[in-house]
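Novice: The task is simple: from the sequences and hints, build the whole structure.
Sequential numbering of the sequence shown, starting at 1, is according to our numbering.
Don't read these hints as lab results, they were simulated from the structure.
Pairwise CB distance ranges (calculated): (1) E78 x S58: 20 to 28 Å; (2) Q88 x R30: 42 to 50 Å; (3) E37 x A89: 35 to 43 Å; (4) G45 x I87: 18 to 26 Å; (5) L55 x D76: 13 to 21 Å; (6) P93 x K19: 39 to 47 Å; (7) G85 x T63: 33 to 41 Å; (8) R66 x P35: 18 to 26 Å.
Even for Gly, the Cβ is constructed at its ideal location relative to N, Cα and C.
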Amino acid sequence: MDVRPNIHPGEMLREEFLKPCGVDVERLARDLNMPVERVTALVAGDGQVCTDTALRLSRYFGTTERFWLEMQLSYDLERARAEHGRIQAEVRPLGAG
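Specialist: Structure (structure tokens):
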């Protein structure tokens, strides 16, 4: 079974959008009208794509909002699945007596 790496949306933003376009974090923050600290955190993998950020990124790069939100959701779900064993032990399914 092939296991794909769990890629943070900020890494995708950096590698697939910023680098090919020659845009740095400061310019992106300015063009998106966002605090540079927020954009820096996202690109570093420490921030998250919220709905506001998704709207701004989609407008800027000509993508959909869902592209960015689903990337964040997929990343978050994969991280949560890493704790699945603990959740299995803690949660008793409905009807499990």
